[in-house]
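Number of protein chains: 4
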Amino acid sequence: MKGNIKIVTIGGGSSYTPELIEGFIKRKDQLPIREIWLVDIEEGKEKLEIVGNLARRMVKAAGLDWEVHLTLDRREALKDADFVSTQFRVGLLEARIKDERIPLSHGVIGQETNGAGGMLKAFRTVPVILDIVEDMKELCPHAWLVNFTNPSGMVTEAVMRYGAWDKVVGLCNVPIICRKIAAGALKEKEEDLFFRFGGLNHFHWHRVWNKAGEEKTAEVIDKVYATEGGLKKAMQGMNSSGVRNIPDISFLPGQMRHLGIIPCMYHRYYYITDDMLKEELEAYEKGETRAEVVKRTEAELFELYKDPELNVKPPQLEKRGGAFYSDAACELITSIYNDKKTHMVVSTKNNGAISDLPDDVVVEVSSIITANGPVPISWGSFDSSTRGLLQLMKDMELTTIEAAVSGDYDAALQAFTLNPLVPSGRIAQTILDELLVAHKKHLPRFQAKIRELEAK
Amino acid sequence: MKGNIKIVTIGGGSSYTPELIEGFIKRKDQLPIREIWLVDIEEGKEKLEIVGNLARRMVKAAGLDWEVHLTLDRREALKDADFVSTQFRVGLLEARIKDERIPLSHGVIGQETNGAGGMLKAFRTVPVILDIVEDMKELCPHAWLVNFTNPSGMVTEAVMRYGAWDKVVGLCNVPIICRKIAAGALKEKEEDLFFRFGGLNHFHWHRVWNKAGEEKTAEVIDKVYATEGGLKKAMQGMNSSGVRNIPDISFLPGQMRHLGIIPCMYHRYYYITDDMLKEELEAYEKGETRAEVVKRTEAELFELYKDPELNVKPPQLEKRGGAFYSDAACELITSIYNDKKTHMVVSTKNNGAISDLPDDVVVEVSSIITANGPVPISWGSFDSSTRGLLQLMKDMELTTIEAAVSGDYDAALQAFTLNPLVPSGRIAQTILDELLVAHKKHLPRFQAKIRELEAK
Amino acid sequence: MKGNIKIVTIGGGSSYTPELIEGFIKRKDQLPIREIWLVDIEEGKEKLEIVGNLARRMVKAAGLDWEVHLTLDRREALKDADFVSTQFRVGLLEARIKDERIPLSHGVIGQETNGAGGMLKAFRTVPVILDIVEDMKELCPHAWLVNFTNPSGMVTEAVMRYGAWDKVVGLCNVPIICRKIAAGALKEKEEDLFFRFGGLNHFHWHRVWNKAGEEKTAEVIDKVYATEGGLKKAMQGMNSSGVRNIPDISFLPGQMRHLGIIPCMYHRYYYITDDMLKEELEAYEKGETRAEVVKRTEAELFELYKDPELNVKPPQLEKRGGAFYSDAACELITSIYNDKKTHMVVSTKNNGAISDLPDDVVVEVSSIITANGPVPISWGSFDSSTRGLLQLMKDMELTTIEAAVSGDYDAALQAFTLNPLVPSGRIAQTILDELLVAHKKHLPRFQAKIRELEAK
Amino acid sequence: MKGNIKIVTIGGGSSYTPELIEGFIKRKDQLPIREIWLVDIEEGKEKLEIVGNLARRMVKAAGLDWEVHLTLDRREALKDADFVSTQFRVGLLEARIKDERIPLSHGVIGQETNGAGGMLKAFRTVPVILDIVEDMKELCPHAWLVNFTNPSGMVTEAVMRYGAWDKVVGLCNVPIICRKIAAGALKEKEEDLFFRFGGLNHFHWHRVWNKAGEEKTAEVIDKVYATEGGLKKAMQGMNSSGVRNIPDISFLPGQMRHLGIIPCMYHRYYYITDDMLKEELEAYEKGETRAEVVKRTEAELFELYKDPELNVKPPQLEKRGGAFYSDAACELITSIYNDKKTHMVVSTKNNGAISDLPDDVVVEVSSIITANGPVPISWGSFDSSTRGLLQLMKDMELTTIEAAVSGDYDAALQAFTLNPLVPSGRIAQTILDELLVAHKKHLPRFQAKIRELEAK
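Chains as they are written, first to last, in this note's numbering: chain A, 19 to 474; chain B, 19 to 474; chain C, 19 to 474; chain E, 19 to 474.
Don't read these hints as lab results, they were simulated from the structure. Some hints could be false.
Since the list gives no way to pick one copy over another, a pair counts as held whenever it fits inside one copy or between any two copies.
Unchecked claim - Below 30 Å or equal to it, Euclidean Cα-Cα: the simulated DSSO-like pairs (lysine-lysine) are: (1) Lys20 with Lys207; (2) Lys205 with Lys20; (3) Lys207 with Lys44; (4) Lys205 with Lys185; (5) Lys474 with Lys251; (6) Lys474 with Lys241; (7) Lys359 with Lys205; (8) Lys241 with Lys198; (9) Lys185 with Lys155.
Bear in mind the structure is a predicted one, so any value in this text is a computation, not a measurement.
Assemble the whole structure, with the sequences as input and the hints as a guide.
What follows is the structure in structure tokens.
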């Protein structure tokens, strides 16, 4: 029987798309798809063709009758959509290279999700996602927006706060990796563990219990996070090559023990800033920042994708990093469609799940996925070793989004000042100014300031 | 294979016990029981024998090798227990009759769970449950306490707050009835609906969504709660005879519409106090208060239980009211034992689930039942049509428990003043004084005041 | 030198006006008045003439050159005003008689400020005050609104929340009486005591310290509130005849001791509801409800006011009740004008002063009066003997205002259900319906419902 | 007439003492002193003699009969004291030099109040202040503790939280300087302005209004904080030489405009970290860190103090920095003693004054000083440009105090990680380790860890 679901993927020309298609195919029995629309922009047309054709071959090889449409016309695609996933990058990987290299050129971590680079990415992305939301209100008012464009938490917050659109879920693969690490350390099957995650995108902590109800958090900390080399080993041990976006350096054991809850891998930027910076500067010197590596990997991937014989997701995609990302999106869509009550970690409205943050902000927490979207599981409150840092990060996010929406330079500077990854003062200003000018083309709301900076 | 679980039921001579045994038998494949201990006190010895023998016949008829022990020695029973369920009533049904009739003799609703009667029940019960907890700390420190002794929310709160024992869950059958009512009204299967409950024991509200993610709350309100006779019809329509404890009177349609969320049946005491009082006064005049009716029903039940041929739960038990109660306890125990992640509505620590109440108070909310106990699902915040009333009730509970623990008469009077079901002033004082004297035997902590009152 | 302040009093024909004028005269050195405008409506024209002429004689006798204008044209009066005080009663005392007698006819306390009567008064008053605010935005955008129209707290809340006008202060004489009672009980001069008040209008508590920093709260409770007859004695002992609006009945000593903080006189409605109701029903039977008594007193006062020889506030005004009210308004205006930093108890935005209530609601708290208005002094949090009751009252207020603004009958019924002074259920509905019909003329927003009720 | 107040100053040999004595003399009519006890330790004996004799000469020259006692016996001094002021430095200025130089030797700001240095100062000071509190409980249970030992906020928090002593007030001169700066910028008399301060010690913001009630905050920001060189000019313009502890560098104008509220001078460490570090490194290279400069200044001061002809506070003391500090202490004591209701900015329990922080933490806010101590004025909530940063700093303080009390190295490392002035990671650990070893003598609670570090 012909399916009835219409799925739209904005940024459809992404190298991730094969994983997404694979994810849908894997769930074909639960997800009666009729059409998949891959949307991209003019600059991404070639990639869209390549990856779109691969997608078609994959669907065909799976013996499915799904229509795969490729288009540059976003509005045509959105018409009557059921699910819209977003995985675009405004300015493409060239922009990410700037996001990472410009701060590093001043001896500062770039970090394309929560650092200076990530803030610029938010400035570029937020206006576009808000445009998409406006289109959705008109063309597919019942659709769910499944975002995995980074900074995923900020983008989700912007959609809810400024787009006034609540049918949005932010996704990330980091919690998935965290679960695998814990399961590996405990030598347990992942499905035999119960996890509770609380925090923000790329800035969350978790606790874990076994099937007997015993908390195993301290044991995981001890084996993985408070042991020199423990994390590296844990990640090697994983089936997948996992999160390649961040270098593999050990936390400080004493601080980990005091935490009492398990950080995510991105916490290394905040907890061992000096080592992370050192590693990134070395990569910078060699022209091997993560952005540059990814760019090369992507070029290779697209070469592979062109192969007309290829009709499955090539294993090399895992080297790209971001594994599990698209699969999580497929699982989320399937859970909403089937009201599965799956437990997933998503960015959604707090509603009291974390007592230390206002009800109306977006957090990344363990949630039950219903047909009406995610319902968070209560985390409770953090203690003083984490609470204030979390609250600061949320306010950094809110101020970044404020700047992204208003184009107010002073707000942007404030957000830079708040960010723990950016040293405050003239250096913050210098990096901000340089990034603004570099991204001029994709920052329509900051034009006046950029012209002023260029005139200097 | 011989099971390994030891279950202890305090108040084992209760007429409910056959439902409990039936519930365990139904779950025999998930719950490898070794021993069930039914504990009671001297005054309940005869009932314990009767119901205990029925329990043994039931177990035998089911072809199970479970040992069923009957004892008056609580400490012997508690030794190495895995689960302890509590369903006792200090002072037996005679005490309940006083709880209900003394307030009514002054024209005031008694309400043995949240009214004046319920507060006295808390005064009698809290010291006993705290004793049980002290025994558990010594004899079975890893056991879970599953409480369905009323007032279930207050008892659970007392155990956590004054007993410093977190492995406790409070249970009630009201949410189960509410679910059935909603399913009936929507002509949907219960398992196809998603519910979120928030509030306190016998004082909660809920919302409901269907399989397509559409909120059906307004439709349920419209059909059942804002329609004259709607609730009566809904409850007749239920398979079970359900909650017989409270009379069947309609809410005010306009107020229900404004609420926007669905009340529980007990809200009638607060929302249509006048009609409820009128009905109760009629019953009082005829000697047919709920306590008196239950007493007669129980006598009949125990006659039935004596029948040596009887080896199943007799259908007449449902007339007793409280259906589903024991079944819920069995399901809870099974879920904890098997880490089932079942969704149940239980009394547990708030932890932010309801933003309008402190993190550390006990609330009755939708929760996921894990091997480590319940984890609440976020409710979020209430609006002004419910928030303040909920907050008042919580503080009435806290003040009642404070009085129960301290035996402080002034605190007891304050609690009476706070309770919306008790008119404030001399009448509250009069009812309180009369109840204290009437329950003299079971209120060791209030002895000084009671002697003073008697001396008058 | 000619003054420069323009003061407008809406409801200028009130019998209180002479106290107001006296208050201004007393402060003539701090308050350089140029014009006083007394505004009233057509129905109040005669009273306006009488009291206006007395005001002129008073000003003249004081040797002042202030212009006293009498007008029915509110907009003319408001033009360029500096301070606008509001003391009007929509529907005049006839309406108050209905507010009090209709509930009493059903055996329910009327209470024209926070009871059923007060809610109807809010329904009539809120739309009018919001109209005044709209005029002020246009005609005197820098003026302060000093409200002492009851229910003073709700009116102030409505102005801030729905009028979006923050330059408003709500005033009441109850805290002033409370201070005098405490000073009398402690045999201290009022100015030697330090008070902290927290709560809502007619629903606040206070604590008191002496010059040595010792808290004297318990002593005041002991002497006045927890002693039979103590409050009566305390009020007789006062210089003024004080608050005549509420009968003089003793609190319950035990409950007072448990409170630990001092209630206001209006708390008797909530704490000893039965005695208050009894007393009110007796007055009702005799046609001597407070409204009726006041109506007669007022008639006598206006006879006195007509005397062309009278050029001071006649001492008989104190029998009217509400003493200190107008004086408080004069002191407030003087404090704002001179940035005096006076400590006063006013209705203003919470801003955290009471931790148990949201930041953005109006509370009645001790404040410092600056040229920019009141800044509250931190109260902190209440304990469980008061917190929930306070939170309920705030939500009752919010729901009442919601109904007043929207004319939504269901919201009105919800507000009645929430009010602890109104028994819930059909009786609440009956009283509400009867009051709506009785006040038909002054409830434009409820017209559709009223027509429906009349058609029955 | 002989006075009756006994004042004890712990750290009485401080160079500040003459200002304190001057402050008392200035207030002699309001403060009937009988005895002043200057207490110090063996190492400070010589200074105590010098400054104590100057104090005696000052008192005598003022024609007062106050007894000035010098002692090394703290318990003798504390007996029956009315006010105890604390201004000691554990480890003397030598310790401060380490606090500042060790971090700088790793390229990190030392900052002896809120930076790495300040945390070590807290580790040394908290156990001592808690000992003093224990003595006070026994010897002078009614006395007030007036603390101006830095880090003043943390010390006050430790006294309340771990000492369970609420009669403590923390003082600082920074708010006094801030007021003078604003008054100068606005060309207004300080007493004609109304200020509201909110935040933490050395980490607060303020707003200001003029006598007409107009907010002047933006104007002050514009003139002083968002203008290059504005702050320098403002501080030169001050009568006193003011706060010499921190270098004079301009804020970022854009960030200041976005703030909307006025930072304190210490915010430069957080807002323009790079420039501050640069300046401090230059001083470090030259052996002119603030600690070293102060040490020299002090030596000069004590030479002056020795002069037997000197009987007034020498003007050179102002160069020491910390002007107004002791005067503030005298004013505070006088205000408590006389129940003056003075407005002062002090460290005291939050109690809701700042909605974004828990009720029970210590904050530095505008307060009314009564005989019962400070009562905070409501600040309300911060917006996202400041809230999270404030919350982080509070948690850094709490974690620092936790470490100081427990001697837990992991907690200390966590506190270093949380501090925005300390780069996270191995460098934090290195600095912490080095500081612990360097301060070995004054860190009894960290001995085990220090031995471990030394063994490496």
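Against the structure, the hints:
1. Taking identical chains as interchangeable, the C-alpha atoms of Lys20 and Lys207 lie at most 30 Å apart only when they sit on different chains, with a minimum of 27 Å there against 37 Å within one chain.
2. With identical chains, the CA atoms of Lys205 and Lys20 are at most 30 Å apart between copies only, with a shortest distance of 28 Å across copies and 43 Å within one.
3. With identical chains, the CA atoms of Lys207 and Lys44 are at most 30 Å apart both within one copy (21 Å) and between copies (29 Å).
4. When the C-alpha separation of Lys205 and Lys185 is checked against a cutoff of 30 Å, the pair qualifies only between copies, where the shortest distance is 27 Å, while the shortest distance within a copy is 37 Å.
5. For the identical chains of this complex, Lys474 and Lys251 are inter-copy neighbours only, at 27 Å across copies versus 50 Å inside a copy, given an alpha-carbon limit of 30 Å.
6. In this homomeric assembly, Lys474 and Lys241 come within 30 Å of each other (Cα to Cα) only across copies, at 24 Å, whereas the closest approach inside a single copy is 54 Å.
7. In this assembly of identical chains, Lys359 and Lys205 lie within 30 Å of each other by CA distance both inside one copy and across copies; the values are 26 Å within and 21 Å between.
8. For a Cα distance limit of 30 Å, the shortest separation of Lys241 from Lys198 inside one copy, 14 Å, qualifies, whereas the shortest one across copies, 47 Å, does not.
9. In this homomeric assembly, Lys185 and Lys155 come within 30 Å of each other (Cα to Cα) only inside a single copy, at 11 Å, whereas the closest approach across copies is 39 Å.
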